[in-house]
Every structure is written in structure tokens, then in C-alpha cells.
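> Sequence order for the protein chains is G and C. For the first sequence, the numbering used here begins at 1 and goes up steadily by one. For the second sequence, the numbering used here begins at 1 and goes up steadily by one.
Misleading hints may appear alongside valid ones.
Subject to a maximum C-alpha distance of 27 Å in a straight line, what follows is the list of computed BS3-like cross-link-like pairs (lysine-lysine) [said to hold, decoys possible]:
hint: 1; chain 1: G; residue 1: Lys157; chain 2: C; residue 2: Lys581
hint: 2; chain 1: C; residue 1: Lys137; chain 2: G; residue 2: Lys157
hint: 3; chain 1: C; residue 1: Lys330; chain 2: G; residue 2: Lys157
hint: 4; chain 1: C; residue 1: Lys581; chain 2: G; residue 2: Lys581
hint: 5; chain 1: C; residue 1: Lys137; chain 2: G; residue 2: Lys17
The set of hints was computed from the structure by calculation and includes no laboratory data.
Protein chains: 2
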Amino acid sequence: MLRTHTCGELRISDVQKVVTICGWVQRIRNLGGMTFIDIRDRYGVTQVVIDEKSSNELHSIVEQLGREFVVQVRGEVVERTSKNPKNPTGEVELRTSNITILNQSELPPFTIEDDTDGGDELRMRYRYLDLRRNPVKNALMLRHTMAQEVRRYLCNKGFLEVETPFLIKSTPEGARDFVVPSRLHHGQFYALPQSPQTFKQLLMVAGFDRYFQLVRCFRDEDLRADRQPEFTQIDCEMSFVERDDILDVFEGMARHLFHTVKGVEFDAPFRRMTYHEAMSLYGTDKPDLRFGMSFKDIGAQLKGKGFSVVDNAEYVGGICARGCASYTRKQLDELTDFVKRPQVGASGLVYIRYNDDGTLKSSVDKFYSADDLMLVAKVFEAKPGDLMLILAGKRNKTLPALSELRLEMGNRLGLRPKNQFAPLWVVDFPLLEWDEELQRFFAMHHPFTSPHPDDIPLFQSNPAAIRANAYDMVINGVEVGGGSIRISNRELQQTMFNTLGFSDDEAEKQFGFLLNAFRYGAPPHGGIAFGFDRLCSLFGGSDSIRDYIAFPKNNAGRDVMIDSPSSISQQQLDELNIIIKE
Amino acid sequence: MLRTHTCGELRISDVQKVVTICGWVQRIRNLGGMTFIDIRDRYGVTQVVIDEKSSNELHSIVEQLGREFVVQVRGEVVERTSKNPKNPTGEVELRTSNITILNQSELPPFTIEDDTDGGDELRMRYRYLDLRRNPVKNALMLRHTMAQEVRRYLCNKGFLEVETPFLIKSTPEGARDFVVPSRLHHGQFYALPQSPQTFKQLLMVAGFDRYFQLVRCFRDEDLRADRQPEFTQIDCEMSFVERDDILDVFEGMARHLFHTVKGVEFDAPFRRMTYHEAMSLYGTDKPDLRFGMSFKDIGAQLKGKGFSVVDNAEYVGGICARGCASYTRKQLDELTDFVKRPQVGASGLVYIRYNDDGTLKSSVDKFYSADDLMLVAKVFEAKPGDLMLILAGKRNKTLPALSELRLEMGNRLGLRPKNQFAPLWVVDFPLLEWDEELQRFFAMHHPFTSPHPDDIPLFQSNPAAIRANAYDMVINGVEVGGGSIRISNRELQQTMFNTLGFSDDEAEKQFGFLLNAFRYGAPPHGGIAFGFDRLCSLFGGSDSIRDYIAFPKNNAGRDVMIDSPSSISQQQLDELNIIIKE
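Construct the entire structure; sequences and hints are all you get.
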């Protein structure tokens, strides 16, 4: 090794030792003839001091140094006169007479500091420099720790890590596949997996009993902020289980991660909520339960008083923001603007102030008496000082809009602290979603999800009403994982494919291998997959998954550092037998 | 859980417990009214017994059962009268009055036994059934254990597991890339990584200091037996190291694996051998050191006696097979045929028998006297009873041929037992290989490998003579890992690219991001990558890596189970803007 110690290692007990460290020049200060250099590596920062009486040779080396030069420094550990308690190595410094420049550095395009002056695009282009910054480095170290702890937990539970293939087969169901032209098989393509779903089910058919994998998955979607074309899943499957067995094991995994990585404990079991309850109370299937402010349906109280917006609405509901009665006109206008944004989509906002003096004041006083408003306040269990915010309209538009408003109020009231965690399970999702445009059902989870056993007869009478035996783990309003008990019966799987509009032939062509496998003794099984990038960012307290990916792509799916995608040679195209359309 | 115990769990101490197990029907035997059913799961086999006095209902269920049916069995654990000491559960059986059929099975296309009647192609097509067989299941469990132990060792050594991207950029150097057409960027392509080489080097530039990853890699090569288009590497890189630091750390990893997985210990340090020594002594850069039989150059002893084959040969060398003087004419003819096979390529074989009576007898007695032969025997340190086998010809043809002959003799003499392991390091590889056809140099390892520091001046005078600072770990004649100290200096990297025939422009276009990164303080660094599939098969004592891959492709790169690659829809082609050539 070119060093005896790292830059994070030296302590007061090392004083008088002669050591060698290597690292990057973080900072150089010249104070009255003495030169102090902070040397940084992954492990920390150590201060090096060069005496004014040092050799000319040493001084001339020091004069060449600039930020981010790579150096090897040999010297004696001495106690500092002015200690730095914020730095673990801050009680000592390295008095050196020997510095070797291992490599030079041009001036970096942005400062390598916790708060950098570099913009997003620049930092992406020089990702290897951005990765030197503590926040990014720490994000990836957190990810490393989480990966190891996931494995530790699952291995202890008897899960086997099995690698599934990346060059698989394109299937039309689900998102768009990335495909890989085959050179050896003219006109044919592999596809990159959107998830190892069918393979993990085959592993259950194979009797592997408990499987997991931290695995890259791919989706060729039109990108939006914070979506990556490649992402990592914690992918798991178990045999001979019922729903609650899976919830127990993976609630245990979440607890293990919170305990080991964050030192956070949860006394109570994770709350379980049906999809229906989540939609009614929070307008979303991934409610943020760090705060309450659940929805109240107040149609009964407000309808029939001549306010046509309300009278004609399918749904009238609202939230009660405690202590916000004093909101100014300007603040209320902001909220109105907020709900009218196209992303939220409400047509307007009704408010009722419960003034400190006990009176009620609303934006629709001309339709409602004080008594009317008091009935509404009762539903909200509002108290003087509270503010009620109400939306009305189509149910499937208004619930999500009200959910956005609730989150906005949560933000404004500081009710969503990053270091507080509110996990829950959402269960009993609908099995199917009707697509109006295509006039067909789609699987809400995927076509392998089993229906609730009680609901199987509904395939004939009312498919839309079938509940799935599916579940999501939601933390702080983020869906971190989701899964289901799978279909393990060939006939039921065929019924499902038929309900999704597959002919028997199509089902056979796409998923014949799975249907075939079900002929030979498929065990009851189910599983779950966690979005690992997002889970890491949640644990790290960040809204962006990009910081938790070493080399992310930008929102256009480009890696701007290596400049990819890029053109390939004519020879490559020829070998693949493909032509690019003009 | 649908079970209280697995099929591998019940012991004599569980007698009288009422338990539930789930699994597959392995075997049904009817003995005088009693029915015995072996139920199998991942963990083992448990015998279930159905009394002749059981209910009609139970008997009628049992009558329906066939091999590979999935059942749930509830019953009382009882001590067996006739115990089976070979089975860990063999002291007990489950006396049941309650069997539930969880799923049926058609008759499998081959028997699910350690020795199956299914052929390769059939087992690949029904891989999920093949995976139920102990040898294949155990291979993948071994792989699981090895993966976890690799991580445990490297994490303890401070390595961070960092995931690198799969959608990267095509580069012309090295093997052929699999490419992925971009839908969002017309006419552009991602490539799948042949290895994360440049990314791990960028992680070193980023200061990550110690990196590893178990990572899938891809090569679109013309397939040959036991090559897979996707394979897994243990990929590692370290900063501030010299060659021997890396050898120490990864020799440690190999020892850790041998210790924890195989219970094998090595007292002495792994032998280190230069490439030149390996080629001279064993005719290969991956010698199998489970046995000796090293080459002797006997040109000096045999030349000039009128035997033109030898006199005109660039190289004359051989091996001494102890105790083989009694080989029959037929055996010697077999060996001659062996070396003349096109894959071996020798033109003939000379032998010298050292008879038990002390006389020498050769196939070329007409050219050599007994004294001549005795001089040769001296070089071989041969004794009565030994057989000397000699090849002559071009050095670069004869050495590999002699290597094949040596391995063949090792096999014939039982000197290559699967449970014996002989690891070594091969070092000081040539940096460059001259390609006669293309009239240019190629990097023997890859273009990022640093030259031996002493040899840098040879870039001007004699590039072919430059030694690389590279190393391979070889075990039992298999190259399990290889790596190098990397170039971390921009100018040297540019020199290397130029030597490989890249113009500055081409180097910039392909590897500009790396050359750029070297501007900003690249630390000295180096690394290694192990072929994980092969390492597992070596530990498992198999010659085939396929058994150690859950869902392998066949020799034509096809997954015959899912039938991939396959055609994709016109819509997909249109979205990707590509046309398939007729």
C-alpha cells in the first residue's frame, strides 16, 4: 500500500508515529510561513503542516500543489495546538518533510465541497468529481450499507439469492421493453427485463422456496423527472405462503433496515389499510401518514343549498388544517391557485374559517348559513382557529386533487419531516383497471396477480369488482414496495389472460413457458419487489433518486458523462442485419 | 405459512408433535395396505405414512396422487421402525390423516432424480423441473453461498459495493458489444457492458478507494461450448496500491472462499510464476499445478543427429510420465492420434521408454544411440519405468500442443482430482499482442493496463517487449480471475491508445470521458475481476458453468425455455426507427 493510514484514521493515540497518508488536496492555507494542507480521502480529512524551516525542495513541491492534486505525505503525527472537535482527526496533524505528487489536477469545473457551485448538468458531466463530494459519496455509502443489510436479513430468513437472465423475451404487457437485436438469429431480438417476475415464479415452481435478488430492471418509458430507464429492485418470492406471511417477513425487513441503518424503531405493527380506505381518507393509494388531515365527505351537509358547483358534484370533501384560520387572503389565493394548477386540476377551492371567536366564515357565505357551516365543522371536528378546505367535482378527479392539497398543507405546516417515518401496508387493490380508450382491462399490478379467493366468481359477472390479493408498502407517501400472491393454477391464469384480452394463442406465444410450468406442480406462492433506488433516497432523506445512483442518466435518458446513447458503426449495423430509418 | 415445518426439519426429538409440511410427491409405495409417500422440498425429504385403516376419503386422495403433485400434509411425527440413516429425517415419519392436494402435476418429461433420464435439450426446455434435481439445486445453493461469502470478505476489507450502469456506450476495442437501440434518440444505441472497467476506474478517480460488484456482463461472441452471452463477474478495484497489495487481498478472498465453502486450507502462499515461466514450463498461461510433469527443452540433446524433424524445429521439448514405460503400442498410438488432432495440431510424437531393466527404447532409435537417449533421460531426471514424450516444431505451436498432451497424461494418470486445488498467480504478461492479419497491436488484457514501470521507454523502441503490470489467478488450469495495475496518467494512456492504433480523435471519441477524468487527480489504482460462473463450477467440481447458472442459454445463445430471442412487433420496430434487412 502507498499509505500506512487513511485520512480518517489518525487520533491522539497515534502521536509520535511516523505514518504515510494518500489523498486529494482539499485546501491549502499559508499562515505566517507555516503551510497547512487538508488531505482528503473517502475516510476523512487530515491536516498536514509544513514548517517554514522545511527544505527548499519541499517548499517547491508545496508551491506546485493545487486543489485536487493527489499526494502521498509521510510525516510524524503531532498533537494540534488548536484542535478541531468537528473533525474526528482534528486533535492531530501530520508534520511532514516529504510530499510526493502522485498525480496533478487541473482546476475542477466546480468546487468539491458539500455545497458546490456546480449546476446539475455540469455535475452530471463530471460525475466522478461530483462523487467526491460528501453528500453524494454518503448517499452511495448508505446504499451500500442498505444492500448488505437487505441481504443479511433475507439470508437469515432462508432466502437464496439467484441471478436471473438479462437477455430475455419481449412481452407486450406492461411498459415498453428495451430490446437487443440478435446477431446470430436474424431479425430476432432479446428484451431487457422490466422485472424478473416470470423467472422468480419459475424458481418457485422449481422448489427454490425463498428467492431474492437485488437486480437491475429496465423500462423504456417517456422519461419524467426522477425516473431512470434502468433501476434496481429488491426482488423476492416465497412459496407455501399466504398474504400475511409475506407482510410479516417484509415488514420485518423494513424494521431491520430502519433499525440497523437509521436507528429507528417502530413499536406498533405497521398499519394496514385497504385501497378503498386509502382512497376515501387520503385520495391516494400511497398516503403520507406522517400527519392526519384525513378527508371528510361533506356532500350530505353541503348539497341542496343552491350552490350548483356542490349540488352537481359527484363528490364533495375536504380537509381541516388545524390552526390555519388566520390564513391571509393572499395565502388562501395561493392555495386556490395551487389546486387550479393543471397538475392538480380542481376548478376552485371552498374554505371555511373557524375564527378564534367561534364564528364561521366561508368563501360561499351566500349559499350557506352559519348553522350549515357549523354542521360541516362538526364533521371535521374543527375547533376555533381551524381552517376547512373543500373541493367538489368528479370523484376520480377530486380525490387526487384533494390529496395534493393535503400534502401541500402538510408541507406548509411542517408536518412532513424527513427524519420521521410512517410506514403502512395498503391491501385489497382492484385486480383490474378498465382502459376507456382501448376498451379493455389491464392488470393493475400485473397479469400474474391472484384475485381474492372470494372474488373469483366475479370474473364472469363483474371483473371490475375483483379485489387482488395484492399489497403495497408505503412510507411517507412513497410506494416503496409492492407485490401479490400469484396465480399458481393454470386454468385461473388462462382466465386472467382471457380477461385481459389475450387469445389463447397469444397467451401461449408470450407466456407459454409459464403456463406450461403450471402443469407440473406449481406451489402456492407470492412475493414482493421494492424499488431500491427510491428506498435508499427515502432513508437518506432525499426527494431525488439520482443522488443514490452512481452514474444516473438525465431526464432525456442520456448519460452525459460518457455521451450515450451514441451512433454505432455501419459494420455493427450490418452484422445485426438492421437499417436505421431515415 | 401453509406449513409448520419444512421437509428437511423433522427429527426424533419432534416425535408426537402434530405438524404440517408442504412439498412435492417424490415417490409413492404401497406395502401391504400401508402407503408411504416421500414428500420433497428444497430442504429435504420426509416420509409420510398412510395407514390401511385410514378414511376412504384419504385413500381416495392418495389414489389421485402422482409424481410431482404439490401437497400439504398434516399429521403426527412418529418414530420409524425401519430407520434410514442416509436421510437426516430418516428416524421419523409423518403419520397422516389429512392430505390436501395444492396442485396437480402431469407426468414430468424426465425423472426428477439425481441421475435423470432427460437429455440436455429437454432439461433446458423444462429448466424449472431440472432445477428441482439435487445436483442442479445444490449448484445454485453453492453459488448463493459463494456470493454471500465474497461480499462478507470484501465488505470486511472496506470495499463498497457500487452498481454501475448497464446501458452504456459501444466501444470498438475488445469483444463485440450487444447494443440497445434508443427510441428517444433516433439512430443512436446504448451498449451492454462487457465489463464495468471504465466505470470502476472512474469510481477510483472519484475517491471511492475500494469498490466491488457482482455484476452481469455481456459479450456478443460466436458462442462455443460453455460460453454464455451473459456472465457474472466479481469486479473489484482499489486505489493507492501496488501489484502485491492486490494479490494479497484477493489471495485472501480465495482463501476465505476455500475455507468457508469447501473447508480447504492452504498453508503456503499461492505460487507466483511469470508468464514466461508458465509458457516455458507448461506451455500455457494457465497451468494446472495439481501435478508436475513440467516441460524440458531438449533441443540441445537431440539436435544435430540427422533427424530432420528435430533438426529443423524451433523448439524441441517434452514431458516425463512417471511409471508409463509399460504403455502398450495401442496406448502410444492413442497419444500420437491425440497430439495429431487438429485442436492440438502436432505433426507427430516421439517417445522414449526407460525400461525397468535400465535400457532405453525410443520411436526414433535409428537417429539416436542409447547414450544420446540417456542424456535426454538425465534432463528429465527420468527413472526406470518412466516414459518420455517429445514434440518438436514451431515454438508457438508446439508449446500449446505439449500442454494439451501434459493435461491428457494428467487425466490418464488420475493426477487431476476435482477435490484437490492448486492455485497460483501468473504475472508479468506481455502488454501487447501483435495481430499479423490487421498489422496492429492489441492489448493483451485491455487498453487500461499499465506497463511495468521499467518498460515504459520500450514504447518507442520495442512495444512487443513491454511487460504488463497484470496478473491472473489460475486454479487447476482455469483462469478464474485477472487484473492489472491501471494507467492513471493521461499522457501514458494516450500513448497506449496511440500504440493500439487509435488516433487522438478516436481515443477522444471513445474514451474521452476517462481521459478527461485523468485531468482531475486520478489516484494510482488497480483491480481484478473474477469469472463468477466459472469460479462456482470450479468449487462445485464441474467442468460446465451451465449448471451454475439458473437459466442458461444454449450454445446458439438461445433460451429454449422461454424461446428467446424472438421476433418483436412492427410497432416496436417503428418506434425504434429500425428496419430489419431482408
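> State the violated hints by number, sorted upward, taking the hints as numbered earlier in the document.
1, 3 and 5
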